[in-house]
Amino acid sequence: MTAPAATADHAAHSSHDDHHGNYLTATSGLKSWLLTVDHKRIGLMYLVAVLLAFLAGGVFALLIRTELLFPGETMMQAHTYNQVFTLHGIIMVFLFIIPSIPAALGNFFLPIMLGAKDVAFPKLNLASFYIYLLGAILALAGIVVGSVDTGWTFYTPYSSSPARSASVLWLAMSVFIMGFSSILTGVNFIATVHKMRAPGLTWNRLPLFVWGMYATAVIQVLATPVLAITVLLLFMEKLVGLGIFDPRMGGDPVLFQHFFWFYSHPAVYIMILPGMAVVNEIIATFSRRKIFGYMFVAMSSVALALLGFLVWGHHMFTSGMSEFGTTVFSALTFLVAIPSGVKLFNWVATLYRGQISLASPMLYALAFIALFSIGGLTGLFLGTLSVDIHLHDTYFVVAHFHYVMVGGTVIGFLGGLHYWWPKMTGKLYSESLARVSFVLVFVGFNLAFMPQFVLGSRGMPRRYYDYLEQFHGLHAASTVGAYILGVGFVIMAYMFVQSLTKGKKSPANPWASAGFEWMTATPPSLHNFDEDPIIDRGPYDYDKTPELGNVPKY
Amino acid sequence: MEHTEHQDHGGEDSHAPHIAGMSMYLGVFGILIVLTLLTVAISYVHLGSLNLGIAIVIATMKAALVVLFFMHLWWDDKFNSLILVGAVLFGGVFLVYTLNDTAFRTAVDPEKGARYSPATGQWAAGSGEGVGEMVRASGGGHGSHHEPAASGDNEGSEQH
Amino acid sequence: MTLANPQDTAPDRRDSTQRNKSQGVPQVDLRSDTPCAQARVISARNILVWGVLALGAWLAGCGRPEGTIQMPEQASTVAADVDWLYYFIFWVSVVSFVGIVGTMVVFVIKYRQREGGRAEPTGHSNFLEIFWTFSPLIVLAMLFHWGFQGYVKGSVAPPDALEIRVRGMQWQWEFEYPNGAVDIGNLRVPANTPVKLVMSSQDVLHSFFVPTFRVKRDVVPGMYTSIWFNALEENQKQMGADGKAVACNADDDCGPGFGCIANQCTQFHQVFCAEYCGAPLDKGGNVGHSGMLARVAVVSQQEYDTFMQEGPAMPPSCEADENPAACWGRQLYETSGCPTCHGVDGVAQAPAPNFKGLYGRQEKIADGSSVMVDENYVRESILMPQAKIVDGYTGVIMPAYRFSDRQLGAIIGYIRSLAPEAGTAQDGAQQENSAVEEPAPEKSTPEDSETDDLAMEDNANKDEVNP
Amino acid sequence: MSATSDSSPIPQHNSSQHDRHQHDKHQHQGSSRNPLAHHFHSMAQQLDAAKIGMWFFLAQEILFFSGLFVAYGIYRSWYPEAFSAGSHLLDRTMGAANTVVLLFSSLTVALSIRSIQLGKRSQATTYLVITILCACFFMVVKYMEYSHKFHVGYLPGIHFSPTEFPEGIEAVPYATRSFFGIYFMMTGVHGLHVLVGIGLMVWLIIKNNRGDFTPEYYTPVEMVGLYWHLVDLIWIYLFPLLYLID
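Chains as they are written, first to last, in the working numbering: chain A, 1 to 554; chain B, 555 to 714; chain C, 715 to 1181; chain D, 1182 to 1427.
Hint data in this document are derived by calculation from the structure and do not stem from the laboratory.
Each residue gets a CB set at the ideal place from its N, CA and C atoms; glycine is no exception.
Hints are all accurate, no fakes.
Residues on chain A that point at chain B, a partial pick, calculated with CB under 7 Å:
| hint | residue |
| --- | --- |
| 1 | Leu-222 |
| 2 | Pro-247 |
| 3 | His-258 |
| 4 | Met-321 |
| 5 | Val-328 |
Non-contacting residues of chain A with respect to chain C, defined by C-beta distances greater than 12 Å in every case (computed):
| hint | residue |
| --- | --- |
| 6 | Leu-30 |
| 7 | Leu-138 |
| 8 | Ala-166 |
| 9 | Ala-508 |
Isolated chain A, as found in the complex (with noise of 0.2 Å):
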């Protein structure tokens, strides 16, 4: 993007920007915080309120292995077990990991990415943060007022019987009312990928960020709707005995699944393509290339999200579902798995020939690539009807999502946020200890999950408060790794605590990157840019920005 000329036009909007200083010290005190419309400072706020809600599932994950550590009574009882898994299911699903990487990294850099101010609507932006601290407070209170013990996927009869206590509904409403947020950020990215690009931003010149985020809101926008929807039938049919989901009136509980995978089925790529759309930017950066068949890479996000509605029912193949039903969601199964092969493939090509630097952001996309391929080809056992019926509701499926979740979005979110950490606060942070954290992170994950699939194959079931002796070798080891990302995730905190407080500050530029994201100043103005961006060459396109040359030491 060449340095814009202050063409005459836009001289009314510059004045505009009489603020000096960037975003951080444009305006202060509390006030200016909360009822900011800068899409940055909500990006802050939610970055924040996430990685606190990232903080409280990890302490009941914690719980929920040290309960495992041993056969039978550890340290809980089983009902509390029960809720412990519930509010980690919860609080790392709807709190932590569908806003974390398209509201906070998203909602920073999706606007400058975009040579935009701000999002389409800045108001709907804050409204969506706070529906989230207002759903995100109902959950607290379900936590308080009573025992949630369903699961995190609520099903009926066990969630509607009339002995589960009102926790169920709170946590009902608080769900429901956080699907909100989730659309109005959704509507908002749309909005302003389709009508605030810069001029010259054509469609095959978005930066692939910006695709995955595209991709997720559709998704987010098209299926939350039905979460509520089951979310308020379920709320019905415990308050006043609707008899929807009830098989004593008629219902059928079976259908309550179908509503709940509808959604959940498409949130899972709410989940890892935000985590894909960051990993985009990083290998870019740190191999000096632009990614391999961009435009097949941009159509796999929109492929994954489009085919995201038509599988869910590969969740329910032992479920009493028809063998004709489980059949056609079988087959249709294994078309979404090759939109992710074609990125890894992709991404793999792109380090071909490059000038690869291993900085810490690097490390995460190449472990998203080795960890993501694991949890894809390890759907494959999922998705085969004769093998599934083995393997479904074991802890190999426990493996699968968490080698997806946590190998895939969480790593593709650490390494967005160790990637852009300079440009949102202005500071650098210290090299060294985040490859300590990674090294803690990277073997503690998997020795606590690659168990996992040896113990679902051999036969043990999910959301198990106590196992047979036979298991207990596999628990162990999988609890040791637990405790090890446990440390790692410590480290990784007092690493990024340390750097606000004394770390260096940063260059304009860190990661010499031709990302349109670092063109602006570091930490970005208010307004982003000075002058109007016109944008006249592709997102990575290190042939025509010689001069920035390898990524610089640290």
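Place chains B, C and D on chain A using the hints.
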């Protein structure tokens, strides 16, 4: 939609907003009323499964009229029509693939509303009390809500 | 057991079934050669064509009945094919993983950033893109085909399969044999015969999962789901010094790997509940969803037939007891979950009436009437608990149990033994109704004709039920 | 969240449904005199952005209702007789009247947008008032239908205890309770959307009287108009599917 190289402001400028004449609105409204009366009339003629088809076709025609002329999709950016059709398509996928399952499941008695085992004729456990029987008007007084006793063995045996 | 007499109600339902579009899955006639068999033929005949892949899969999956590192013992006919397909996908995944990550590592090492180095501009090759879009499609199509083939074979039961009804309830499995005998927690099936389980749940979702048979199906309230398996060989019994099977009582511990099923220590196949179904409040240990375990013992056809004839036999340990019925009744009382609500120590517990001194007493019923606790009242309260609820216990919901008549006789004998003074005072009353129903015989040996007739009658009318 | 007692016939929906609509339309910036937001380059771009945002919001509403239509489709395929019996228990004339009223309100809201584009603000206000009156008429008819059903016990699920049937019907299948479960959910959620629509139009009238809308800037009116047409669209399908099963 590919844009020319130097498209100003990324989003295309829509031409002056289209203002339709009064007669168009009244005409469309008239057709809508006629279609409503038609669909009510047809509902009294017993045509078996065809009734559902006709009702949906007429409703879709009315919906198309409202969407194209009252919501100006006819003169609007084609992408908005794509959004509408996409949403309806996804709703359709949801219905069809769920029907894939529910239409081919093990035997269900259409009138009685529960599942029975063909071999034993016995209702599946967990079916409701009084499943299978017709419900008569109790002729009681003001809307008494006496609840049919949910059969004993259907509550969780453990109170928790 | 109040079994709706199928004759009068079934016809109208049956013809309504025809109107209901179709019955489950299209009938597919499957060629005998399963993937397992094909792999053996291929790898034997032209090993070069299939190369190491087929050999690896064949070695790892098919011929290993005792199970492999990743898979438990193969104890049913479909297990070998499932394992073969599992290992086929496993090897495909290992090759793909090594391919992707290996190439990545090679590129990272080969093209590390050097001083002054320049990255080559990225080329583009449509051929490569098309290749890695459609080549996985071939492997995936094969996986789907084999997966579908195995699935249909695994879910469509052969018509002559032996049908056993399974009822899941919160935290225990109840099996009901064709002869009406009911067993909680233990299922005995004949070896080498297809067994079809017709299952439904009484309260919430459960899932019947037997890892060693590779079968799993959710158990849904208000709906029947079914699975079938064909157990390959008998489970060994624990042989005592005298060459006879070691006898044991209800839940004695027969040592690792052995369980006490039908009063014999034998190996068994573990049944898990795979669909989350909650847990009781404030209880630790093996309870709730993780404690909903059952055991499948594969027995010889001959033993199964004798079991079909006379229903569950009295445990041998009770034969020597002075009141064998009461001893058997006490064991049934302990293993069927009654102690959680009904105490026997005379202390008036909240959930349900205490059995101590109950027999022969006059009880006031919730609807005002009163009834003498006798043989018929106990029988009726077990089979239809909601019929006559004692005053003050209306809020409690007791599940309907189904026992064979001999088991009911034993339980009634046990309850009578808890009220010794009532037993003597009521001797007179006891004599008359004994004519009606032979209470637990003094010595219940299999040849005891009278109770057998009862059992025989039961079997008789059961048999027409499922022709 | 109050349970559906006799007094409040329409299941109250929490307020987030209402304030969500406040936000989803584009908020024009600062004082009403400068309707162009700072981050947009032209009024057209601002209106287009609002339209595309609104259309995706309507897509989300369609999928929200698709859940109910799927439940309707599944249970009707399982219990056709129960659904036709349930449908005969409803009052077709009230349903038809409601349909005509909603269609008319759709017309008047479209005309209100047209008159603002032509600069006739007072005419726009009268059209909006007529629309609100139609919507209130719709809700009153709904209230009468609901109270009748509460009175004679046509309630969903476990509460289904009919006290009397219209002549010619002496018994209905057991699964009719499922029909009423779906009936109350569909018409209840739709009724809530009508209430939210009324709230929005009152907000429009207030802004219109303040003179916020000009032939160049009428985005909020158009957005509320689109929303109202969608509410009418949903009812166009609800009416035949619920009331006209023969």
